[in-house]
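K.L.:
Chains as they are written, first to last, in the UniProt record's numbering: chain R, 1 to 259; chain W, 1 to 259; chain F, 1 to 259; chain G, 1 to 259.
Calculated directly from the structure, the hints in this document are not laboratory data.
Check before you lean on any hint, since a few could be wrong.
Treat identical chains as interchangeable: a pair holds within one or across any two.
Claimed, not checked - List of simulated lysine-lysine pairs, DSS-like, C-alpha gap at most 25 Å:
| id | residue 1 | residue 2 |
| --- | --- | --- |
| 1 | 107 | 7 |
| 2 | 142 | 107 |
| 3 | 11 | 179 |
| 4 | 179 | 107 |
| 5 | 80 | 142 |
| 6 | 142 | 118 |
| 7 | 118 | 80 |
| 8 | 7 | 142 |
4 protein chains.
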Amino acid sequence: MKNDILKIADKEFNSRLFTGTGKFSASELMKQAIVASESELVTVALKRVDVKDDQDDMLFHLRDNRINLLPNTSGVRNAKEAVFAAQLAREALETNWIKLEIHPDPKYLLPDPVETLKAAEELVSLGFVVMPYIHADPVLCKRLEEVGAQCVMPLGAPIGTNKGLKTRDFLEIIIEQSKVPVVVDAGIGAPSHAAEAMELGADAVLVNTAIAVSQNPIAMGEAFKMAVIAGRMAYNARLAPVEDKKAIASSPLTSFLYE
Amino acid sequence: MKNDILKIADKEFNSRLFTGTGKFSASELMKQAIVASESELVTVALKRVDVKDDQDDMLFHLRDNRINLLPNTSGVRNAKEAVFAAQLAREALETNWIKLEIHPDPKYLLPDPVETLKAAEELVSLGFVVMPYIHADPVLCKRLEEVGAQCVMPLGAPIGTNKGLKTRDFLEIIIEQSKVPVVVDAGIGAPSHAAEAMELGADAVLVNTAIAVSQNPIAMGEAFKMAVIAGRMAYNARLAPVEDKKAIASSPLTSFLYE
Amino acid sequence: MKNDILKIADKEFNSRLFTGTGKFSASELMKQAIVASESELVTVALKRVDVKDDQDDMLFHLRDNRINLLPNTSGVRNAKEAVFAAQLAREALETNWIKLEIHPDPKYLLPDPVETLKAAEELVSLGFVVMPYIHADPVLCKRLEEVGAQCVMPLGAPIGTNKGLKTRDFLEIIIEQSKVPVVVDAGIGAPSHAAEAMELGADAVLVNTAIAVSQNPIAMGEAFKMAVIAGRMAYNARLAPVEDKKAIASSPLTSFLYE
Amino acid sequence: MKNDILKIADKEFNSRLFTGTGKFSASELMKQAIVASESELVTVALKRVDVKDDQDDMLFHLRDNRINLLPNTSGVRNAKEAVFAAQLAREALETNWIKLEIHPDPKYLLPDPVETLKAAEELVSLGFVVMPYIHADPVLCKRLEEVGAQCVMPLGAPIGTNKGLKTRDFLEIIIEQSKVPVVVDAGIGAPSHAAEAMELGADAVLVNTAIAVSQNPIAMGEAFKMAVIAGRMAYNARLAPVEDKKAIASSPLTSFLYE
Numbered sequence: 001m002k003n004d005i006l007k008i009a010d011k012e013f014n015s016r017l018f019t020g021t022g023k024f025s026a027s028e029l030m031k032q033a034i035v036a037s038e039s040e041l042v043t044v045a046l047k048r049v050d051v052k053d054d055q056d057d058m059l060f061h062l063r064d065n066r067i068n069l070l071p072n073t074s075g076v077r078n079a080k081e082a083v084f085a086a087q088l089a090r091e092a093l094e095t096n097w098i099k100l101e102i103h104p105d106p107k108y109l110l111p112d113p114v115e116t117l118k119a120a121e122e123l124v125s126l127g128f129v130v131m132p133y134i135h136a137d138p139v140l141c142k143r144l145e146e147v148g149a150q151c152v153m154p155l156g157a158p159i160g161t162n163k164g165l166k167t168r169d170f171l172e173i174i175i176e177q178s179k180v181p182v183v184v185d186a187g188i189g190a191p192s193h194a195a196e197a198m199e200l201g202a203d204a205v206l207v208n209t210a211i212a213v214s215q216n217p218i219a220m221g222e223a224f225k226m227a228v229i230a231g232r233m234a235y236n237a238r239l240a241p242v243e244d245k246k247a248i249a250s251s252p253l254t255s256f257l258y259e
Numbered sequence: 001m002k003n004d005i006l007k008i009a010d011k012e013f014n015s016r017l018f019t020g021t022g023k024f025s026a027s028e029l030m031k032q033a034i035v036a037s038e039s040e041l042v043t044v045a046l047k048r049v050d051v052k053d054d055q056d057d058m059l060f061h062l063r064d065n066r067i068n069l070l071p072n073t074s075g076v077r078n079a080k081e082a083v084f085a086a087q088l089a090r091e092a093l094e095t096n097w098i099k100l101e102i103h104p105d106p107k108y109l110l111p112d113p114v115e116t117l118k119a120a121e122e123l124v125s126l127g128f129v130v131m132p133y134i135h136a137d138p139v140l141c142k143r144l145e146e147v148g149a150q151c152v153m154p155l156g157a158p159i160g161t162n163k164g165l166k167t168r169d170f171l172e173i174i175i176e177q178s179k180v181p182v183v184v185d186a187g188i189g190a191p192s193h194a195a196e197a198m199e200l201g202a203d204a205v206l207v208n209t210a211i212a213v214s215q216n217p218i219a220m221g222e223a224f225k226m227a228v229i230a231g232r233m234a235y236n237a238r239l240a241p242v243e244d245k246k247a248i249a250s251s252p253l254t255s256f257l258y259e
Numbered sequence: 001m002k003n004d005i006l007k008i009a010d011k012e013f014n015s016r017l018f019t020g021t022g023k024f025s026a027s028e029l030m031k032q033a034i035v036a037s038e039s040e041l042v043t044v045a046l047k048r049v050d051v052k053d054d055q056d057d058m059l060f061h062l063r064d065n066r067i068n069l070l071p072n073t074s075g076v077r078n079a080k081e082a083v084f085a086a087q088l089a090r091e092a093l094e095t096n097w098i099k100l101e102i103h104p105d106p107k108y109l110l111p112d113p114v115e116t117l118k119a120a121e122e123l124v125s126l127g128f129v130v131m132p133y134i135h136a137d138p139v140l141c142k143r144l145e146e147v148g149a150q151c152v153m154p155l156g157a158p159i160g161t162n163k164g165l166k167t168r169d170f171l172e173i174i175i176e177q178s179k180v181p182v183v184v185d186a187g188i189g190a191p192s193h194a195a196e197a198m199e200l201g202a203d204a205v206l207v208n209t210a211i212a213v214s215q216n217p218i219a220m221g222e223a224f225k226m227a228v229i230a231g232r233m234a235y236n237a238r239l240a241p242v243e244d245k246k247a248i249a250s251s252p253l254t255s256f257l258y259e
Numbered sequence: 001m002k003n004d005i006l007k008i009a010d011k012e013f014n015s016r017l018f019t020g021t022g023k024f025s026a027s028e029l030m031k032q033a034i035v036a037s038e039s040e041l042v043t044v045a046l047k048r049v050d051v052k053d054d055q056d057d058m059l060f061h062l063r064d065n066r067i068n069l070l071p072n073t074s075g076v077r078n079a080k081e082a083v084f085a086a087q088l089a090r091e092a093l094e095t096n097w098i099k100l101e102i103h104p105d106p107k108y109l110l111p112d113p114v115e116t117l118k119a120a121e122e123l124v125s126l127g128f129v130v131m132p133y134i135h136a137d138p139v140l141c142k143r144l145e146e147v148g149a150q151c152v153m154p155l156g157a158p159i160g161t162n163k164g165l166k167t168r169d170f171l172e173i174i175i176e177q178s179k180v181p182v183v184v185d186a187g188i189g190a191p192s193h194a195a196e197a198m199e200l201g202a203d204a205v206l207v208n209t210a211i212a213v214s215q216n217p218i219a220m221g222e223a224f225k226m227a228v229i230a231g232r233m234a235y236n237a238r239l240a241p242v243e244d245k246k247a248i249a250s251s252p253l254t255s256f257l258y259e
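Whenever a hint applies, use it, and build me the whole structure from the sequences.
P.N.:
This is the structure in structure tokens:
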């Protein structure tokens, strides 16, 4: 397992658990939960960062050598807004990495496939490392890969629902076909869901609500850390196949008992 | 978590992962996988032990201070045979713990509820610590508890199928009602399944096929170890609730972008 | 399909939809819903029938040549009470058919496997046609068959939940092994669930809550009627196999377009 | 139910079951299965029609007043090919209705969201009634509606798999948000799946493989017909709610038995 490193663009990650910063009740608690999770890539919503203030509370708490910030474009509704937001983020946070989220739908925050592809193409040409959040749509994933997205981030279930891998059948196809890392994003509500994604062969998962909203975010951060490692180890060790009702008949004990 | 000890009868367990010894390709590999899993309770099929031979290969490999042997009655078809087998096991392995398995069905190895209850009652009266393997039947679990079974071991799916928690709805009721530890047995085919059982509130899980049949049983044993810990931590930290389609609407970024 | 008749004991049924009489808002509505469903076997709870009153409102509404009454023992807690209730029912309703329900659990009304088997054996010896309501436990089903139960009635999900076939994996085994008709009882909350049970090869289904609690029980009765027929036809016509992700590649249209 | 007519563009449909013509072993059998299904809209793959031959076998069999032909663009790989194919189809089959299918992926035949939206917009401007086959992507559905697609046809599972409504969580959102009819396409492998889609509120379903590949396509066609009607009736009559484990406690029978 020593060499089982995840590489996206030019960065290497020891941890395959990415985390978000929304919904925590306090910044200090957020920091401790993220540290417990050992996550090395942490999304921040540009709109929640006061980019003019270098004393910004959230950013202050996330200053840590092991933590890479990944600004997201949450709140934008089309490609044009996304590109503008990404440029702001690059300037403010001094990173060319961007989590591309375009969701015109204010209710379910589901991503727009067409605008996402358009924005991804432009952002790649502008030198960004683009990590697009999308529906678990295998064809869209291939197209994003073709325009230069450095990974794809298909959703497991509508964001914030904690429902787990409702898109499992499609994630399997995406993982089978993808030449860039596949990061399952949204819907992961329990460590078992994270482990399941890793067992399928996902390269990483992104978890936010499930950690932030738990009664004990620090313990939950650690639980997710271990579940992701467990799922990855199981993937590498190969799961036993699922059998359809076929138990292996055992010889009866009777002969032994009465011999 | 320091005090989160599992207690069955008079024994305390640091590990909530119980393991089986069937289907491994070699005894030494079995031993290493069990050590990697940190399991402290390990089932052995009486019929696979040469009780007259104190050089028996399997038993030799399982001699370890941290490992408690749990003989099972696999292969018996009714209560009478089970009681006899348990007595043999007590003598041979010098333990009054018994995993009670009565499966007249040679194809799916599913347990017999009526014979199991009858045998449990008698074995308790004979001084055994009885751990019955049963269908995920909440009423049967209560009756076993009433006759003195020290835990209940409902199945997740038919044994050897690796299908996971197909009985989840009933496991939830069993866990809600039980006053003795609930150990989910059979069907757990992946670390994510084990984590899920623990997240539901199961007290422990028993895993055999999934570890033994993996390409790398040692790594898989460790993966299960971590998944069980992760699931237990998540249970204690409380999972975020599952929401039905309701994403929390975010404020649009627009105002920020153009202010 | 003309000869696809269901036979239980000495009775033949054209309809494979059995219905219950609980939870309807009015007796007249109940009658119309049952007529719309074309159900020929209708359960009545003994305790809700005033057996001394031959003007009893519910019974009055169910007097119909095509409808066979099936008294149930709902409310009893053990075999002794069940046998007594069955005898009362035989006298009051002049039928030796009995739906055997023993649920000591007042919360989830889940059945007791041990008492049910004991009562079934005794009732068979007393000349009853015994239809036992049980957990989806394949071994218990075989034992009930062995003591002479004329069918088995495994549950799909806890009664009243409308969750559908949560026990599907076990129903498949029961159907495969049973020599008496298998009637899926409890949990069927939608016509699609009833169709699914029939597609699996169940011989009939029993539906109550889903019809009674609908906004339009008469239409719902008819909907279930059609779904059961559809599911049975599909079973007889053989479903196409479920394929794992394998679409059949189509030849590209291109050659055609540009030839 | 008398007025429960489905309207797409200017056409009214009594049947909410659309069917396909692929994979049948013979044209005459296909015809009889479609007649038994009472389907009024039948897809034909342009590439399988010999458009220059007015004696074409398949078309000959589908000449029926009640059957509307719906040519599809199966086999095209991008918007440009799709528009060209649609124009050919309009000329050959004298209909401006087109089922828009663009799947560059030759293995799973999954649709391309970006090319589909582009083609839909152009085809609408050319006067076509556009019925796009797409992933169950709620945002894409809204965008197709905005460019004038007369319905949306989200998939339930990868085509040909017969896996049922794997996209159920997303279909619910699509149905909730759509202002045009929602036709669930692909993956429906059993009448129970079709009934489930209708119970969710889908306006229609399209079934092909499940009928064509059955051992008895004519009976299966009729089974689907009834399942679709049953599901629609249940939707209109409102399903009883799914309850989480809560059975309604019944009063014990004991008082009655011994009073």
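K.L.:
Look at each hint and say if it fits the structure.
P.N.:
Taking the hints in turn, this is what the structure says about them:
no. : hint       : result
1   : 107 to 7   : neither (34 Å within a copy, 28 Å between copies)
2   : 142 to 107 : between (27 Å within a copy, 13 Å between copies)
3   : 11 to 179  : within (17 Å within a copy, 45 Å between copies)
4   : 179 to 107 : between (32 Å within a copy, 16 Å between copies)
5   : 80 to 142  : both (22 Å within a copy, 19 Å between copies)
6   : 142 to 118 : both (14 Å within a copy, 18 Å between copies)
7   : 118 to 80  : both (9 Å within a copy, 18 Å between copies)
8   : 7 to 142   : within (19 Å within a copy, 36 Å between copies)
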